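Q: I would like the entire structure built from these sequences, with the hints used as guidance.
Residue numbers for the sequence shown follow numbering that gives the first Met the number 0, beginning at 0 and rising by one.
Bear in mind the hints are in silico, worked out from the structure with no lab data behind them.
All values reported here derive from a predicted model rather than from experimental measurement.
Hints may contain errors.
As the list claims (entries may be wrong) - Below are the DMTMM-like pairs computed for lysine to aspartate or glutamate, each with C-alpha atoms no more than 25 Å apart in a straight line:
| no. | residue 1 | residue 2 |
| --- | --- | --- |
| 1 | Lys-64 | Glu-96 |
| 2 | Lys-68 | Asp-87 |
| 3 | Lys-108 | Asp-24 |
| 4 | Lys-20 | Glu-96 |
| 5 | Lys-68 | Glu-48 |
| 6 | Lys-68 | Asp-109 |
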Amino acid sequence: MTATDHATWIARLAAQAALDKLALDPVAFDVSERLAITDVFLIVAAGNERQVGAVVDGIEEELLKHGLKTVRREGDRENRWVLMDYLDTVVHVQHSEERALYALERLWKDCPRIDLGLPEDAAAR
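A: This is the structure in structure tokens:
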């Protein structure tokens, strides 16, 4: 089983929206074989709490344009690690310090990475 095209499409939309708000280092993993609750994890970082909030708002606004609403949103009170659940795609927007500390990429490194279709220079920001 692999991530659905719909889940991958959501991750790509969210990643581009995050980059538009100057998010850092977007990466997505196909977690469909490991988790029954979702297909894709998208992880992005931001340098401070205000920027985390801006990235979250930018993602939410862009996905709403396509009729996609979060089922659950957690962590936006502190804006250190905000989780946005779109059912088959879960977006993690983390403060750079939380991203380094929790290292989700290391936890999910055995899962296939998803090509987000972003320009190389944007993805490596």
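Q: Which of the numbered hints above does this structure break?
A: Hint check: 1 and 6 fail, others pass.
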